[in-house]
Amino acid sequence: MAKPLPDTKGRFGRYGGRYVPETLMAPVQELARSYDHFRKQRGFKAELSRLLAEYVGRPTPLYLAERLTKELGGAQIYLKREDLLHTGAHKINNALGQCLLAREMGKTRIIAETGAGQHGVATATAAALLGIDCVVYMGTEDMRRQRLNVYRMELLGAEVCGVDSGSQTLKDAINEAMRDWVTNVENTHYVLGSVLGPDPYPRMVRDFHRVIGTEARRQLRKMAGRGEPDVAVACVGGGSNAMGLFQVYLDSKKVDLVGVEAGGRGGDLGDHAARFSGGELGVLHGARTIVLQDDHGQVSTTHSVSAGLDYPAVGPEHVYYADKGRIEFVRASDEEAVDAFHRLAATEGILPALESAHAIAEVIKRAPTMDEKSIMLVNLSGRGDKDVESVLEWDAAARGGVAAEVTPHPSANPSATTDGEDGA
Amino acid sequence: MSLLRRKKKSPIDQVFAACRKEKRSAFIPFLVGGDPDIERSRALILALAEGGADIIELGVPFSDPIADGPTNQRAAFRALEAGTTLDALLQMTKGLKTEIATPIVLFTYYNPIHAMGPETFSERAAECGVDGVLCVDLPPDEAADELLPALRDKGIDSVFLLAPTSTRDRIKSVSQQSTGFVYYVSRSGVTGSQDGLREALVRDVRKLRKRVGLPLAVGFGIATPEQVAEVGAEADGVVVGSELVRLIERHGDDSDLAVRMRDRVAELSAPLRA
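Here the protein sequences line up with chains L and V, keeping their order.
Numbered per my numbering, the first sequence finishes at 457, counting up by one with no gaps.
Numbered per my numbering, the second sequence finishes at 283, counting up by one with no gaps.
Worth double-checking, as some hints may not be accurate.
[Unchecked claim] Using C-beta positions, here's what the derived DEER-type ranges look like:
{"no.": "1", "chain 1": "L", "residue 1": "188", "chain 2": "V", "residue 2": "208", "range": "35 to 45 Å"}
{"no.": "2", "chain 1": "L", "residue 1": "301", "chain 2": "V", "residue 2": "104", "range": "27 to 37 Å"}
{"no.": "3", "chain 1": "V", "residue 1": "128", "chain 2": "L", "residue 2": "258", "range": "32 to 42 Å"}
{"no.": "4", "chain 1": "L", "residue 1": "161", "chain 2": "V", "residue 2": "282", "range": "14 to 24 Å"}
{"no.": "5", "chain 1": "V", "residue 1": "110", "chain 2": "L", "residue 2": "137", "range": "33 to 43 Å"}
{"no.": "6", "chain 1": "L", "residue 1": "327", "chain 2": "V", "residue 2": "46", "range": "28 to 38 Å"}
{"no.": "7", "chain 1": "L", "residue 1": "94", "chain 2": "V", "residue 2": "176", "range": "28 to 38 Å"}
{"no.": "8", "chain 1": "V", "residue 1": "176", "chain 2": "L", "residue 2": "137", "range": "19 to 29 Å"}
{"no.": "9", "chain 1": "L", "residue 1": "314", "chain 2": "V", "residue 2": "259", "range": "51 to 61 Å"}
{"no.": "10", "chain 1": "L", "residue 1": "301", "chain 2": "V", "residue 2": "30", "range": "21 to 31 Å"}
{"no.": "11", "chain 1": "V", "residue 1": "259", "chain 2": "L", "residue 2": "327", "range": "51 to 61 Å"}
{"no.": "12", "chain 1": "V", "residue 1": "153", "chain 2": "L", "residue 2": "82", "range": "53 to 63 Å"}
{"no.": "13", "chain 1": "V", "residue 1": "282", "chain 2": "L", "residue 2": "327", "range": "51 to 61 Å"}
[Claimed, not checked] Covered by chain V, per the in silico footprint, the following chain L stretches (three or more residues, Cβ under 8 Å):
{"no.": "14", "region": "89-96"}
{"no.": "15", "region": "214-220"}
Note that these hints are calculated values from the structure, not bench results.
Because the structure is a prediction, the values reported are computed rather than measured.
In this text, a Cβ means the ideal position worked out from N, Cα and C, and glycines have one as well.
Between the sequences and the hints, there should be enough to build the whole structure, so can you do that?
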């Protein structure tokens with residue numbers, strides 16, 4: 034069982050809380066009450082389970098990646114295949130849960146923010162399923178990077194609003210979604226897509242993703258003879274897929290929990306999204322947490338090849354467990370992530386999302402240092418179809434040419450040397 | 010009334026007391042500090058005082074202003090581009106206070122204060138003559154442990170928001186934790202003018218005033234002398250922000266910007282003095 038956190042003020046130790054304008058305070062409190070009511074209600078739980086099984090495609094497989102294991106020559110690598118879910122990522126677990134809750138609360142309109150587009154697509158999907166109006170805010174830079182997902186959302190009946198302010202990425206999309214929510218709070222529920230924001234979001238999103246960890250542990254016990262891996266790895270933007278997996282192992286002290294942040298293109302502020310190595314305690318989007326910011330408390334822009342990790346703050350619960358030394362945070366650069374993308378494609382026939390490729394990058398570094406009896410459990414949180422264009426652009430730039438023809442990246446062949454441009 | 014509340018009257022208390030004597034509402038203009046840059050901003054704040062401001066709300070620019078509409082977002086962006094920091098605004102306030110007696114309330118998001126540290130901030134704000142602080146994203150529930158003790162210690166008024174969504178319990182706790190005045194957000198939404206005031210606003214203000222027990226200022230979406238008059242008939246204070254910020258946007262580079270600002274403030278506040 035996870036610790037009874039957060040406390041009644043929505044705090045994980047010093048982190049979390051409800052730092053929102055007064056207009057949102059009563060609605061946030063009401064949301065917390067509704068969530069606490071419905072999450073225990075049998076009818077609600079049954080409908081969510083049924084839809085997760087019949088519509089979303091749960092349980093997802095756990096897969097022993099034998100070729101990758103053999104190539105790396107160390108720990109056995111198990112992939113939790115959240116990439117196989119309907120809409121292509123773990124995000125649907127939470128989006129569906131929150132949309133069902135919104136319907137129970139009598140809300141007639143759903144809004145969401147999205148970075149890579151996966152949460153936007155998941156929310157648009159759940160809204161279509163339940164017949165609720167849906168508006169998704171997305172940074173214009175992300176719309177460029179993820180134009181297929183933009184069209185997918187539109188096909189699903191959602192209105193996609195481009196956000197042109199700031200860095201035109203996830204943070205700015207959240208700003209705009211919060212402004213919409215403040216304005217339309219009476220009939221609108223904001224489906225926040227990660228373990229961020231004011232209470233109850235961090236715990237609600239965590240709970241809706243708990244199914245990832247519960248399944249993985251059960252499957253691992255069956256396949257490997259023990260439910261506890263030696264290491265569990267997940268990428269961390271806001272941190273929802275990581276929390277989904279890690280929460281079932283928090284009390285199993287033998288399981289090392291490793292979160293992988295976006296190391297981007299270098300160590301300077303603005304070049305990465307590695308909050309744990311470059312961030313300071315601050316308050317952003319409703320929670321006290323670690324934030325990448327300057328000395329004057331202005332939030333920094335971030336960079337990552339992966340839109341879903343391109344965010345200056347991190348879920349407050351992650352910070353709590355980082356302080357306790359329970360979750361270790363490492364980083365993978367853009368270049369390492371793209372290499373991992375190629376590696377998994379070539380060895381296992383799986384295109385991971387660029388976000389999840391950051392977790393694979395850590396596997397590539399760590400697995401060879403472990404013995405062959407040890408087990409590494411990786412949350413493969415999403416699939417990479419959406420990223421093919423970005424990777425194509427990246428490869429072309431790395432070769433110093435244009436994306437005229439599609440040729441394999443050098444790292445698709447592990448024996449070749451990489452020729453990335455400016456990876457950290 | 011909270012036991013923690015000071016007995017001595019603050020400059021903000023005195024303004025509202027004086028206005029009450031004159032049987033009028035206080036005029037409270039808002040500008041983002043450092044917009045379009047510190048030098049010109051300083052002249053504009055003086056112009057607000059000259060034009061008839063009773064209290065001045067000085068916005069601290071923030072990178073992620075979730076409670077602001079497009080006009081104030083752009084203002085914050087201009088100010089940040091010009092290198093404005095919380096530090097610089099405190100210094101600016103100190104300078105202004107040698108020239109004007111008008112109370113200054115900082116209207117800010119919490120993170121810049123958090124970065125400076127609530128104690129350090131309160132100390133320096135007091136030194137620089139800041140009279141009140143309103144933190145948009147720090148409701149009293151959170152402020153009680155973080156910022157309130159430091160502000161009280163330095164004798165700076167803590168102004169909190171109330172909104173149309175505020176419940177009876179929240180109205181009570183916000184009123185108890187506030188000093189100086191309470192700021193009522195006229196409608197659910199972000200800063201900036203819309204077509205008109207919502208129908209029930211004046212009635213809501215009348216009801217709320219009885220419950221709050223402190224002067225009640227009303228802001229968000231008030232942009233014309235007529236609206237000032239309408240709200241001023243019930244509220245203890247009327248805040249006008251985006252309408253003035255727009256002047257900077259339109260005439261930022263004109264040499265007569267400060268004169269225009271002074272005149273516009275005079276025009277907007279005139280109905281309260283009629």
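Right, here's what the structure says about each hint:
1. Separation of residue 188(L) from residue 208(V) is about 40 Å and conforms to the stated range, judged on CB atoms against 35 to 45 Å.
2. Checked against the hint of 27 to 37 Å, the C-beta distance between residue 301(L) and residue 104(V) comes to roughly 34 Å, which is consistent with it.
3. One distance hint, 32 to 42 Å for the beta-carbon pair residue 128(V) and residue 258(L), is violated here, with the actual separation near 56 Å.
4. Distance hint check: the CB atoms of residue 161(L) and residue 282(V) are about 56 Å apart, inconsistent with the given range 14 to 24 Å.
5. About 55 Å separates the C-beta atoms of residue 110(V) and residue 137(L), a value inconsistent with the hinted range of 33 to 43 Å.
6. The supplied range of 28 to 38 Å is broken by residue 327(L) and residue 46(V), whose beta-carbon atoms lie about 18 Å from each other.
7. Range check, residue 94(L) to residue 176(V): Cβ separation about 47 Å, and the 28 to 38 Å hint is violated.
8. For residue 176(V) and residue 137(L), the Cβ-Cβ distance of about 21 Å falls inside the hinted range of 19 to 29 Å, so the restraint holds.
9. Look at residue 314(L) against residue 259(V): about 39 Å separates their beta carbons, and that is not inside 51 to 61 Å.
10. Between residue 301(L) and residue 30(V), the C-beta spacing of about 58 Å breaks the proposed range 21 to 31 Å.
11. About 30 Å separates the C-beta atoms of residue 259(V) and residue 327(L), a value inconsistent with the hinted range of 51 to 61 Å.
12. For the pair residue 153(V) and residue 82(L), the beta carbons lie near 40 Å from each other, so the given range of 53 to 63 Å is not met.
13. Between residue 282(V) and residue 327(L) the CB atoms are about 43 Å apart, so this pair departs from the stated range of 51 to 61 Å.
14. Only when three residues or more bring their CB closer than 8 Å to a CB of chain V does the claim for the region 89-96 of chain L stand; here the count is 0, and the claim is violated.
15. Only when three residues or more bring their CB closer than 8 Å to a CB of chain V does the claim for the region 214-220 of chain L stand; here the count is 5, and the claim holds.
Consistency with the previously given hints fails for numbers 3, 4, 5, 6, 7, 9, 10, 11, 12, 13, 14, ordered from lowest to highest.
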